[in-house]
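Peer 1: Sequence:
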Amino acid sequence: MSTIEEQRKQLLENLINRSIEYRGHIIHTSTIIEKDIDIIIVMYFKMRVDRQVEFIELILDRTSYDSKIAILEQILKKHYYKTYDQECSKTIASLREIKDIRNKFAHDTVYTSYNKNEKIPKEFSLVNFRNSMSVKDFTKGEFKVFNEKSERCRKSLNKLLQEFIHE
375 MSTIEEQRKQ
385 LLENLINRSI
395 EYRGHIIHTS
405 TIIEKDIDII
415 IVMYFKMRVD
425 RQVEFIELIL
435 DRTSYDSKIA
445 ILEQILKKHY
455 YKTYDQECSK
465 TIASLREIKD
475 IRNKFAHDTV
485 YTSYNKNEKI
495 PKEFSLVNFR
505 NSMSVKDFTK
515 GEFKVFNEKS
525 ERCRKSLNKL
535 LQEFIHE
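Every position in the sequence shown, counted from 1, becomes a number in this note's numbering once 374 is added.
Treat the hints as calculated values from the structure; they're not laboratory data.
Quick reminder that beta carbons are idealized off the backbone N, C-alpha and C, glycines included.
Do not rely on the hints blindly, as some may be mistaken.
Think about it this way: if two alpha-carbon atoms lie no more than 25 Å apart in a straight line, the pair counts; the simulated DMTMM-like pairs of lysine to aspartate or glutamate are [stated by the list, open to error]: (1) LYS529 - GLU471; (2) LYS533 - ASP482; (3) LYS452 - GLU537; (4) LYS493 - ASP482; (5) LYS496 - ASP482; (6) LYS478 - ASP440; (7) LYS473 - GLU461; (8) LYS451 - ASP412; (9) LYS464 - GLU525.
Computed Cβ-Cβ distance ranges for the label pairs, DEER-style [stated by the list, open to error]: (10) MET507 - GLN536: 43 to 49 Å; (11) ARG436 - THR483: 24 to 30 Å; (12) VAL427 - ASN491: 53 to 59 Å; (13) THR437 - THR483: 23 to 29 Å.
Could you put the whole structure together from the sequences, leaning on the hints where they help?
Peer 2: Below is the structure:
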């Protein structure tokens, strides 16, 4: 193998490794946020502890991430019907964006089909084959934005949880 081929192979390997690192972090973070939503939903209904566990096992673990966000949105609108504000709306929108990014990383693959004449980029792309093939770049900047939104959502969810606990 020539030095150029070895360099290309190393660049491609670096790209794949970065995507694996991002994928693990994004799915892990999204899962934590989803469980935070589960806990808020359970606390809203003020069940006995044994019923809380059953509710999670029997209902929430069988409910999609998107449905949980919709349930949370309705809880916020009912609970804060007079004060449902821009912050609540922004949190819901951010949760949906986090869910969408999580789904891309859970279901799409990393684009690796660069021919010999193509330069291998520093950032990776995700490929989706649903209906037709689409390729979407994912940058360090987008990863940073994901982390910032995740942190803001976790803070908002924690604030809500504290309110429901102390009612």
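Peer 1: For every hint, state whether the structure bears it out.
Peer 2: Each hint, compared with the structure:
no. : hint                        : result
1   : LYS529 - GLU471             : holds (16 Å)
2   : LYS533 - ASP482             : violated (33 Å)
3   : LYS452 - GLU537             : holds (14 Å)
4   : LYS493 - ASP482             : holds (22 Å)
5   : LYS496 - ASP482             : holds (19 Å)
6   : LYS478 - ASP440             : holds (14 Å)
7   : LYS473 - GLU461             : holds (18 Å)
8   : LYS451 - ASP412             : holds (17 Å)
9   : LYS464 - GLU525             : holds (13 Å)
10  : MET507 - GLN536: 43 to 49 Å : holds (45 Å)
11  : ARG436 - THR483: 24 to 30 Å : holds (27 Å)
12  : VAL427 - ASN491: 53 to 59 Å : holds (58 Å)
13  : THR437 - THR483: 23 to 29 Å : holds (27 Å)
Hint 2 from the earlier list is the only one contradicted by this structure; the remaining hints agree with it.
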